[in-house]
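Chemist: The primary structure of each chain is shown beneath.
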Amino acid sequence: MKAPRFAYTRVTTVADAVSLLRQHGDDARLLAGGQTLLATLNMRLSEPVVLVDITGIEALHGVAVQDGFLRIGALTRHVDIERSELVAQRLPLLTQAVPFLAHAAIRNRGTFGGSVAFADPAAEWPACALAADGELILSNGTNERRVMAGDFFIDLYQTDLHPDELIIAVEFPLPGRQRRFAFTELARRHGDYAIVGIAVAGDISGGVMGDLRIVFLGVGNTPMRALGAETALNGKRGDPAVLAAAIASLSEDIAPSDDLYTSAAAKSHLAGVLLQRAVKSLLHEGETP
Amino acid sequence: MNDLVAPPVVAEAAAPPHIGRRVVRPNARRLTEGRGTYVDDVELPRMAHVVYLRSPHAHARVVSVDVTAAHAMPGVIAIVDGARLAQVCAPFVGTLSHMVGMRSAPQYAIAIDRACWQGEAVLAIVADTRALAEDAVETIVVEWEPLPAVADMETALAPQTPVIHAELGSNLCYHRELDTGGVDAAFAGADVVVEETYVFGRHTGVTMEPRSVLADFNPAERRLTVHHSHQAPHMMADLYARQLGLPEADVRVICRDVGGSFGIKVHAYADDFATVALAVLLKRPVKFVADRLESFVTDIHAREHRVKARLALTREGRMLAFDIDDLTGIGPYSMFPRTSVVEGNQVVNITGGPYNHPEYRAKLDVVFQNKVQTSQYRGVGHPVACAVTEGIVDLAAVRMGIDPLELRRRNVMEDDSYPRKGASGIVLEKLSHQQCLAKLETMIDYPALRQEQAELRKKGIYRGIGIAVLIELTNPGAAFYGVGGARIAAQEGATVRLDPTGVVHCAVGVGEQGQGTETIFAQIAADEVGLPLAAVRIITGDTAVTPYGGGTWASRGAGIGGEAVLQASRQLRTNILALAAAHLKRDAGELDVADGKVRDRATQATLVDFAELGRIAYFRPDLLPQGFQSELVVTRHYSQRTYPFVFTNGVQASYVEVDIETGFVKLLKHWAVEDCGRVINPLLLDEQIRGAIVQGIGGALFEECLYDGSGLLRNGSMADYLVPMASEMPDIEVAHVETPTRTSELGAKGAGEAGTAGAPAAVMNAINDALAPFDVRVTAQPFTPEKILRALNKI
Numbered sequence: 001m002k003a004p005r006f007a008y009t010r011v012t013t014v015a016d017a018v019s020l021l022r023q024h025g026d027d028a029r030l031l032a033g034g035q036t037l038l039a040t041l042n043m044r045l046s047e048p049v050v051l052v053d054i055t056g057i058e059a060l061h062g063v064a065v066q067d068g069f070l071r072i073g074a075l076t077r078h079v080d081i082e083r084s085e086l087v088a089q090r091l092p093l094l095t096q097a098v099p100f101l102a103h104a105a106i107r108n109r110g111t112f113g114g115s116v117a118f119a120d121p122a123a124e125w126p127a128c129a130l131a132a133d134g135e136l137i138l139s140n141g142t143n144e145r146r147v148m149a150g151d152f153f154i155d156l157y158q159t160d161l162h163p164d165e166l167i168i169a170v171e172f173p174l175p176g177r178q179r180r181f182a183f184t185e186l187a188r189r190h191g192d193y194a195i196v197g198i199a200v201a202g203d204i205s206g207g208v209m210g211d212l213r214i215v216f217l218g219v220g221n222t223p224m225r226a227l228g229a230e231t232a233l234n235g236k237r238g239d240p241a242v243l244a245a246a247i248a249s250l251s252e253d254i255a256p257s258d259d260l261y262t263s264a265a266a267k268s269h270l271a272g273v274l275l276q277r278a279v280k281s282l283l284h285e286g287e288t289p
Numbered sequence: 001m002n003d004l005v006a007p008p009v010v011a012e013a014a015a016p017p018h019i020g021r022r023v024v025r026p027n028a029r030r031l032t033e034g035r036g037t038y039v040d041d042v043e044l045p046r047m048a049h050v051v052y053l054r055s056p057h058a059h060a061r062v063v064s065v066d067v068t069a070a071h072a073m074p075g076v077i078a079i080v081d082g083a084r085l086a087q088v089c090a091p092f093v094g095t096l097s098h099m100v101g102m103r104s105a106p107q108y109a110i111a112i113d114r115a116c117w118q119g120e121a122v123l124a125i126v127a128d129t130r131a132l133a134e135d136a137v138e139t140i141v142v143e144w145e146p147l148p149a150v151a152d153m154e155t156a157l158a159p160q161t162p163v164i165h166a167e168l169g170s171n172l173c174y175h176r177e178l179d180t181g182g183v184d185a186a187f188a189g190a191d192v193v194v195e196e197t198y199v200f201g202r203h204t205g206v207t208m209e210p211r212s213v214l215a216d217f218n219p220a221e222r223r224l225t226v227h228h229s230h231q232a233p234h235m236m237a238d239l240y241a242r243q244l245g246l247p248e249a250d251v252r253v254i255c256r257d258v259g260g261s262f263g264i265k266v267h268a269y270a271d272d273f274a275t276v277a278l279a280v281l282l283k284r285p286v287k288f289v290a291d292r293l294e295s296f297v298t299d300i301h302a303r304e305h306r307v308k309a310r311l312a313l314t315r316e317g318r319m320l321a322f323d324i325d326d327l328t329g330i331g332p333y334s335m336f337p338r339t340s341v342v343e344g345n346q347v348v349n350i351t352g353g354p355y356n357h358p359e360y361r362a363k364l365d366v367v368f369q370n371k372v373q374t375s376q377y378r379g380v381g382h383p384v385a386c387a388v389t390e391g392i393v394d395l396a397a398v399r400m401g402i403d404p405l406e407l408r409r410r411n412v413m414e415d416d417s418y419p420r421k422g423a424s425g426i427v428l429e430k431l432s433h434q435q436c437l438a439k440l441e442t443m444i445d446y447p448a449l450r451q452e453q454a455e456l457r458k459k460g461i462y463r464g465i466g467i468a469v470l471i472e473l474t475n476p477g478a479a480f481y482g483v484g485g486a487r488i489a490a491q492e493g494a495t496v497r498l499d500p501t502g503v504v505h506c507a508v509g510v511g512e513q514g515q516g517t518e519t520i521f522a523q524i525a526a527d528e529v530g531l532p533l534a535a536v537r538i539i540t541g542d543t544a545v546t547p548y549g550g551g552t553w554a555s556r557g558a559g560i561g562g563e564a565v566l567q568a569s570r571q572l573r574t575n576i577l578a579l580a581a582a583h584l585k586r587d588a589g590e591l592d593v594a595d596g597k598v599r600d601r602a603t604q605a606t607l608v609d610f611a612e613l614g615r616i617a618y619f620r621p622d623l624l625p626q627g628f629q630s631e632l633v634v635t636r637h638y639s640q641r642t643y644p645f646v647f648t649n650g651v652q653a654s655y656v657e658v659d660i661e662t663g664f665v666k667l668l669k670h671w672a673v674e675d676c677g678r679v680i681n682p683l684l685l686d687e688q689i690r691g692a693i694v695q696g697i698g699g700a701l702f703e704e705c706l707y708d709g710s711g712l713l714r715n716g717s718m719a720d721y722l723v724p725m726a727s728e729m730p731d732i733e734v735a736h737v738e739t740p741t742r743t744s745e746l747g748a749k750g751a752g753e754a755g756t757a758g759a760p761a762a763v764m765n766a767i768n769d770a771l772a773p774f775d776v777r778v779t780a781q782p783f784t785p786e787k788i789l790r791a792l793n794k795i
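First to last, the protein sequences are chains A and B. The letter at position 136 of the first sequence is residue 136 when you use our numbering, and the numbering goes up by one with no holes. The letter at position 537 of the second sequence is residue 537 when you use our numbering, and the numbering goes up by one with no holes.
Since the hints were derived computationally from the structure, they do not count as laboratory data. Glycine included, C-beta positions come from ideal geometry on N, C-alpha and C. Hints are supplied without guarantee of correctness; some may be wrong.
To be verified - Chain A stretches covered by chain B per the calculated footprint, using a threshold of three residues with CB under 8 Å from any CB of chain B:
| hint | region |
| --- | --- |
| 1 | 185-193 |
| 2 | 254-267 |
Claimed, not checked - List time: in silico SDA-like cross-link candidates among lysine to any residue, alpha-carbon distance up to 25 Å:
| hint | chain 1 | residue 1 | chain 2 | residue 2 |
| --- | --- | --- | --- | --- |
| 3 | B | Lys787 | A | Gly286 |
| 4 | B | Lys787 | A | Ser268 |
| 5 | B | Lys421 | B | Pro358 |
| 6 | B | Lys666 | B | Pro644 |
| 7 | B | Lys794 | A | His190 |
| 8 | A | Lys2 | B | Asp720 |
| 9 | A | Lys2 | B | Leu771 |
| 10 | B | Lys458 | A | Ala244 |
| 11 | B | Lys308 | B | Val776 |
| 12 | B | Lys421 | B | Leu178 |
| 13 | B | Lys794 | A | Arg10 |
| 14 | B | Lys669 | B | Arg690 |
| 15 | B | Lys459 | A | Ala244 |
| 16 | B | Lys458 | A | Pro289 |
| 17 | A | Lys2 | B | Ala72 |
| 18 | A | Lys236 | A | Ser263 |
| 19 | B | Lys666 | A | Ser268 |
| 20 | A | Lys2 | B | Glu43 |
| 21 | B | Lys794 | A | Gln276 |
| 22 | B | Lys787 | A | Gln178 |
| 23 | B | Lys597 | B | Gly502 |
| 24 | A | Lys236 | A | His190 |
| 25 | B | Lys794 | A | Gly286 |
| 26 | B | Lys666 | A | Pro289 |
| 27 | B | Lys308 | B | Lys458 |
| 28 | B | Lys794 | A | Gln178 |
| 29 | B | Lys787 | B | Pro730 |
| 30 | B | Lys666 | A | Ser251 |
| 31 | B | Lys458 | A | Gly286 |
| 32 | A | Lys2 | B | Val142 |
| 33 | B | Lys666 | A | Ala264 |
| 34 | B | Lys787 | B | Arg714 |
| 35 | A | Lys280 | A | Ser251 |
| 36 | B | Lys787 | B | Leu771 |
| 37 | A | Lys280 | B | Phe664 |
| 38 | A | Lys280 | A | Gln178 |
Generate the whole structure from the sequences, applying the supplied hints.
Modeler: Here it is in structure tokens:
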């Protein structure tokens, strides 16, 4: 199918982008990497009047460490994260997750901010943002505000982003020496949206887990933080009984639904398997009881 | 700037013989540089684009259509319904007379008043561009009256199920029974009887280039030219002529580059007739290029089967009888003109095919339903027949505690037992099951693999080895379609021509869809005429230019088309020698041809080259003796008439690891030993087999057209329909046994489909072998993690 007719504008400042959003309301769409938007246009699932290309806004690009935070600009492409030494050293969770993210052609164009803003509950970046306790910086051209990832994802494809706001960047606190990360997911074909995935961050001290943040993707309307499992595991070693208790607590933490190929029951089961595997990968040789 | 980097395409076979060598496809560079000419690349003056408004319901009556707003949209040229098109294009019925008792209903280019599947076209919108036509479609208001849909094939024949075509009286398209007579006695007397039901997910072929038609009608001379992405140009020319009432001589079908076909493009679609009829009606070129979304609901589907199977054996593991009951759902109309019953018919013919069992019974029901039409897709029935056969043989092996390879060894037809018949009545010229099994055993180092499997199992790693023996029907004669009344050529022709520069042009009725057909024709012509490969040009895909032929299907291109090329080339060599003899005043018997030159047979000294002979023949015939006329154009035809089909055989093995916690299957390795007779190009052959295996794996693990209870497709997009992709594919090793057919001098049998035939069975058996410690089996393709977890009682 062919996209319906639309106007295209390229802006270089956040203020200009916001002004167009205010002018056109629902009829305007921001174009960053276009990896979701352009497909919906061609399928005529979305018929905006104007596309506002924000890729020329310099302030939204780039990865940097500043003031104890790793800052990922909203227009940072997936491939930029994949190749970033800085990210690999300071926040390896993202480096671990990025190979699961779609295919090379998509990673070359798709952006971090675009993925977070779209908020697909089966996508990798929203789950990572939540697991690594990211803070989103949002701007309406005049004012900036900050929202924790935990407050940003509200419901299916619904976020706290206001209609006249852009995501500027996501800032992650730099992890301490004891903090470790795990990411894994299950997809029928590499690069597909995950059936279930998991992002875990936790402090490990002498094989004891602490301050865990366990986030599932694909098992609810948003990335799902598994608070029950965290409670079951915090302060414990990864022995089988503890893991079993954590897995049992998942029924309170996640709310999967059937999709085309996988039932909710299977997803719940798989979430337990992934939790167990992620915890094991968090622990080094000798730390597992 | 492409010419700045011009690494020459190094064909390994710079010198003859070319046959049997790994010759690189000369057209690969053109295609990879984006210089192919697909239908969508062809632009004609005053060309319009058509978009079809398709039914969103599986079964619905069209109550009213309001096109007022659409007519006023920019660029709209015409909006045409089925009744209007029926004045230009006659309806068609997809039946073959040798499929005794089969029925179908007339189908129109565009449905009239009623749509019988989600995706059937009910209106054509023609505009200056595809985008403008799509804009117009959005303004059209159709009032639908949904009708009850027949979705589930299991209840299609039940009395309470509505009948789709009242005039047929039921939803039965075709019923066939085959019985050797002693099946009940064989089962009664058997020591071991195993029984299992196999289910096959409906799936489809996904081509890189979608179905495309560009119809150009010249009203002044009433001549029709159709640019088509198709496998059988002559068949389509004949059908366009008949359905539109034009002389066939005034219809030309041109198939230039075809971006994959797999059987999807061997059929005559309603959309094809509609597009051509619109061009006639509007007196201007009309282009239709299916988009990916509409391809899922209009390209033929295939393989929706449920087969109940039983196998009887002696306690020594000797097979006595197979008994199968196949049910298949084909959509609301049998596909035109090859029908939708061939797949089921092949399941009946081929199940149990590799084995010595004396008794066989098969029952087939082909039923109508309100889903996309099904028809021939790569492998046509073989993947079903092979999975049923090899699945139940493995089940018997498990029950009897006999090694699965050994059980096969005890039962395959002996290599020295040919020619012979199979229990279903199929005639087999010469197969090599024993050689192939022996070769496979060595190739995979079977004992070591079994040992590795056993050791890993102790560590909680569950791997499985699956074996699948197969036969494949290739090189068909007229038995397939001609005897059933379909005007689909069973023969093939080739015309070879020596030009004044010493280059040979070879025109063949079989075309190229990306598999390398043109390359192997060039190899054959080069060897048989006696000149370098670079001096051969192949012409295919134009009914105005090539000899009348059947095209590409049923693995016939190399075996049938190749033999025509061989015969024509051989005669051209003789004619060239006669010309050289006349020119040199020598006896032709003293002369020989090699590398585009005529040599003295005794001394091997070069006497004259082809270019010089061409110069003399074309420009200076006065120098030749009186009474001699050179003949540098030769046409030869070939049809395989010794057998209904020439069967090939092979064996595949799959090695998988099943993650019993997640139900995920990892394909570790796949092997194929293949006997397709004489190997013309091992490089292209191996890639054909690999590609076919991947397509087979698609059906086994990934691909399925998922329908809901009201007959609506739930996963008709590339995001939701899972085609197999490179990341999940194993390395595929291919080896060959060569048993040339004696039905031709070339000796080549078909090779394009056997990979697809055997892969699903091999993968299924490997998964079940991995699951054996848990005493569970899966038999419903595709084998999703969900199904495996359920089998393992994990959910």
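Chemist: Next step is simple, just say for each hint if it's right about the structure.
Modeler: A quick look at each hint next to the structure:
Coverage of the region 185-193 of chain A by chain B holds. Counting CB-CB distances below 8 Å, 6 residues qualify, and the rule asks for three or more. Only residues whose beta carbon comes within less than 8 Å of a beta carbon in chain B count, and the region 254-267 of chain A has 6; three or more means the coverage holds. Distance check on the hinted pair: Lys787(B) and Gly286(A) sit about 36 Å apart at the alpha-carbon level, beyond 25 Å; violated. With a C-alpha separation of about 15 Å, the suggested pair Lys787(B) and Ser268(A) falls inside the 25 Å cut-off, and the hint holds.
Restraint check for Lys421(B) and Pro358(B): satisfied, since their Cα atoms lie roughly 10 Å apart, inside the 25 Å limit. This hinted pair does not check out: Lys666(B) and Pro644(B) have alpha carbons roughly 40 Å apart, beyond 25 Å. Restraint check: the Cα-Cα separation between Lys794(B) and His190(A) comes to about 24 Å, which is no more than 25 Å; the hinted pair holds. Proximity of Lys2(A) to Asp720(B) is assessed by CA-CA distance (about 20 Å); at most 25 Å being required, the pair is judged to hold.
Straight-line distance between C-alpha atoms of Lys2(A) and Leu771(B) comes to about 47 Å, which puts the hinted pair past the 25 Å bound. Taking the CA atoms of Lys458(B) and Ala244(A), the gap is about 23 Å. The hint holds against a cut of 25 Å. Of the supplied pair hints, the one linking Lys308(B) and Val776(B) holds, its CA atoms being roughly 18 Å apart against a limit of 25 Å. The suggested pairing of Lys421(B) with Leu178(B) holds, with an alpha-carbon distance near 15 Å, which does not exceed 25 Å.
Proximity of Lys794(B) to Arg10(A) is assessed by CA-CA distance (about 53 Å); at most 25 Å being required, the pair is judged violated. With a CA separation close to 12 Å, the supplied pair Lys669(B) and Arg690(B) stays within the 25 Å bound. Between Lys459(B) and Ala244(A), the direct Cα distance comes to roughly 21 Å. Compliance with the 25 Å bound is thereby established for this hinted pair. At roughly 21 Å between alpha-carbon atoms, Lys458(B) and Pro289(A) fall within 25 Å of each other, so this suggested pair holds.
This hinted pair checks out: Lys2(A) and Ala72(B) have alpha carbons roughly 20 Å apart, not beyond 25 Å. Using a Cα cut-off of 25 Å, the hinted pair Lys236(A) and Ser263(A) is violated, with the two alpha carbons roughly 32 Å apart. For the suggested pair Lys666(B) and Ser268(A), the alpha carbons sit about 22 Å apart, so the restraint of at most 25 Å is met. Between Lys2(A) and Glu43(B) the CA atoms are separated by roughly 18 Å; this keeps the pair inside 25 Å, and the hint holds.
A C-alpha spacing of about 15 Å is found between Lys794(B) and Gln276(A), which places the hinted pair at or below 25 Å, so the restraint holds. Distance check on the hinted pair: Lys787(B) and Gln178(A) sit about 41 Å apart at the alpha-carbon level, beyond 25 Å; violated. For the suggested pair Lys597(B) and Gly502(B), the alpha carbons sit about 9 Å apart, so the restraint of at most 25 Å is met. At roughly 33 Å between alpha-carbon atoms, Lys236(A) and His190(A) are farther apart than 25 Å, so this suggested pair is violated.
Distance check on the hinted pair: Lys794(B) and Gly286(A) sit about 30 Å apart at the alpha-carbon level, beyond 25 Å; violated. At most 25 Å may separate the alpha-carbon atoms for a hinted pair to count; Lys666(B) and Pro289(A) exceed this at roughly 29 Å. Simply put, Lys308(B) and Lys458(B) have alpha-carbon atoms about 35 Å apart, too far for the 25 Å limit, and the pair is violated. Restraint check for Lys794(B) and Gln178(A): not satisfied, since their Cα atoms lie roughly 35 Å apart, outside the 25 Å limit.
Pair hint Lys787(B) plus Pro730(B) holds up; C-alpha atoms about 22 Å apart against a cutoff of 25 Å. For the suggested pair Lys666(B) and Ser251(A), the alpha carbons sit about 28 Å apart, so the restraint of at most 25 Å is broken. For the proposed pair Lys458(B) and Gly286(A), the alpha carbon gap of about 23 Å is at most 25 Å, so the pair holds. With a CA separation close to 21 Å, the supplied pair Lys2(A) and Val142(B) stays within the 25 Å bound.
The suggested pairing of Lys666(B) with Ala264(A) holds, with an alpha-carbon distance near 23 Å, which does not exceed 25 Å. Straight-line distance between C-alpha atoms of Lys787(B) and Arg714(B) comes to about 19 Å, which keeps the hinted pair within the 25 Å bound. For the proposed pair Lys280(A) and Ser251(A), the alpha carbon gap of about 20 Å is at most 25 Å, so the pair holds. Under the criterion of a C-alpha separation no larger than 25 Å, the hint pairing Lys787(B) with Leu771(B) is consistent with the structure, at around 12 Å.
Under the criterion of a C-alpha separation no larger than 25 Å, the hint pairing Lys280(A) with Phe664(B) is consistent with the structure, at around 19 Å. For the given pair, Lys280(A) sits about 16 Å from Gln178(A) by alpha-carbon distance, which is consistent with the 25 Å threshold.
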